[in-house]
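**Q** Could you put together the complete structure from these sequences and hints?
Protein chains: 2
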Amino acid sequence: MKIVETAGEMQEYSESLRRKGRRIAFVPTMGYLHPGHLRLLEEGKKRGDCSVLSIYVNPTQFGPQEDLDKYPRDFDRDEKCAAGVGCDIIFYPSSAQMYPEHYQTYITVEEVSNNLCGLSRPGHFRGVATVCAKLFNIVKPHAAIFGKKDFQQLTVIRRMVKDLNMDLEIVGIPTVREADGLAMSSRNTYLKDYERESALSLCKSLKLAAGLYDKGEQHTAVIIERVETFIRTHSHTAIDYVSICDTTTMKDIGEIEGEAVLALAVRVGATRLIDNHVFGEPIDW
Amino acid sequence: MKIVETAGEMQEYSESLRRKGRRIAFVPTMGYLHPGHLRLLEEGKKRGDCSVLSIYVNPTQFGPQEDLDKYPRDFDRDEKCAAGVGCDIIFYPSSAQMYPEHYQTYITVEEVSNNLCGLSRPGHFRGVATVCAKLFNIVKPHAAIFGKKDFQQLTVIRRMVKDLNMDLEIVGIPTVREADGLAMSSRNTYLKDYERESALSLCKSLKLAAGLYDKGEQHTAVIIERVETFIRTHSHTAIDYVSICDTTTMKDIGEIEGEAVLALAVRVGATRLIDNHVFGEPIDW
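Protein sequences, first through last, are from chains A and B.
In this note's numbering, each number is its position in the first sequence, counted from 1, plus 1057.
In this note's numbering, each number is its position in the second sequence, counted from 1, plus 1057.
Some hints here could point you the wrong way.
[Unchecked claim] Derived DSS-like pairs (lysine-lysine); straight-line CA-CA distance at most 30 Å:
(1) B:Lys1077 <-> A:Lys1059
(2) B:Lys1077 <-> A:Lys1103
(3) B:Lys1059 <-> A:Lys1077
(4) B:Lys1197 <-> A:Lys1102
(5) B:Lys1308 <-> B:Lys1219
(6) B:Lys1308 <-> B:Lys1264
(7) B:Lys1272 <-> B:Lys1137
(8) A:Lys1077 <-> B:Lys1103
(9) B:Lys1137 <-> B:Lys1219
(10) A:Lys1077 <-> B:Lys1077
(11) A:Lys1103 <-> B:Lys1197
(12) A:Lys1077 <-> B:Lys1102
(13) A:Lys1077 <-> B:Lys1127
(14) A:Lys1059 <-> B:Lys1197
(15) B:Lys1205 <-> B:Lys1264
(16) B:Lys1103 <-> A:Lys1197
(17) B:Lys1272 <-> A:Lys1102
(18) B:Lys1264 <-> A:Lys1197
(19) A:Lys1077 <-> B:Lys1219
(20) B:Lys1308 <-> A:Lys1219
(21) A:Lys1197 <-> B:Lys1308
(22) B:Lys1077 <-> A:Lys1219
(23) B:Lys1103 <-> A:Lys1059
(24) B:Lys1197 <-> A:Lys1197
(25) A:Lys1197 <-> B:Lys1102
It is worth saying that the hints were derived from the structure and are not from the lab.
Predicted model only: the values in this text are computed from it and were never measured.
**A** The following block contains the structure:
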């Protein structure tokens, strides 16, 4: 496994692979890898001749009051995990590489960024879109693989790729969960033991909502009310949002007709967790 | 010469050229070609095995009160001109291709877009940066060639390319002028005969400024005052701006020390013209 730290070296290597007709599959991450990330890398192995993992805790997607400084980092452990699933290259740039002095260019994906996490975290998706565009230009992948846990992020990136004519395929992979249903996240390490049961209120409430939908409930206000009530019965929880949106526009809807997603963000103690469920898709937890 | 109208076809063709190790040189234009454009295409022929010209009057870089509808267009003439200098491909997309329904992604290059034309034409450089990023992703060039007449545009694009790690070279070519010094522009066709002499006040005032600088004048206020007074002696003129800026930051400066540009925008009758001079570079008109 090769470790590359500069954009120039990565571009040169990717370009040489492309000239040989090799397919590059790319998994961008902020590191502190968990089995969800490894699932993305495995998918990358299937979809490319060369799999590239990037590890970069991107400051432009964190707000001033957020957890940039305490975000968990462990490169040695990540390196071993990535090697274990046969990753070919880790791209591991510094912030001096990514945002040198006088940096001033940002990409905004307007409508789909506005709701949900875009409301709670102003500038977050601008940072995500910008760093992904940079990474795509550096790694030059044929396919990039993202988890569906960050549903709105995936929607923003798909939209950017389409709008800016970026010539790569975006692949979304179902959320990987712990045995008890908790969606895998590097931020789960923040949870205290006594908060774990409350953290499960997210995935359990999705199951509750799926059950209501399966019984014919299409009024989103009814489903949202039941979900919020359920989450509030758990201690240490503070709801950021519970929304049901059209999956293309990411706008709130009143009735579930086309493809719709229930997305939620809940603070459990000091930890902000997100999860989601697309109505009609299987619930396997 | 091949004419390509869809992004998909262009990408496929460019990708096949790149796999064969061919170099692609790209000249993005809004058409209505003049000798300045042809000079860019000639430079493209030198710098690539395949030269691509794009012709697209990009609506997102025009303000609501601007000349989008009356901007001159003549594809048949452009086709003949391009063939005449050995252009290999014209990329000629429709707006339905470039900005389909639900389009919502924009690129902002912040500091260097703020001054000069960025002040007079809000959103202009956002539109320019966005369409250039799209065209670069479609045409996949190794080099893209721009005229220095649009000095701030060139600065914005260079900054975007650097910031977003786009893997191509941006080449700036000196302004091509009429025999009398008027900078070539598709908008010169708007000028009435009796406005021509006034239009020359732009290039003549640059010469005047260069003369002052050569004699040791470094105070920008002094130079700007002389330039403005000179332009005002011509009828039908209304100054939009006369500025002396640092060429890296595009911010106004008080003294000429590092590399500095005198940039000006003047309305001559109903036609807005721009021109510029980098102090120390030759004046050949």
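**Q** Looking back at the numbered hints, which does the structure fail to meet, lowest number first?
**A** Hints 7, 9, 13, 17, 18, 20, 21, 23 are the ones this structure does not satisfy, whereas the remaining hints hold.
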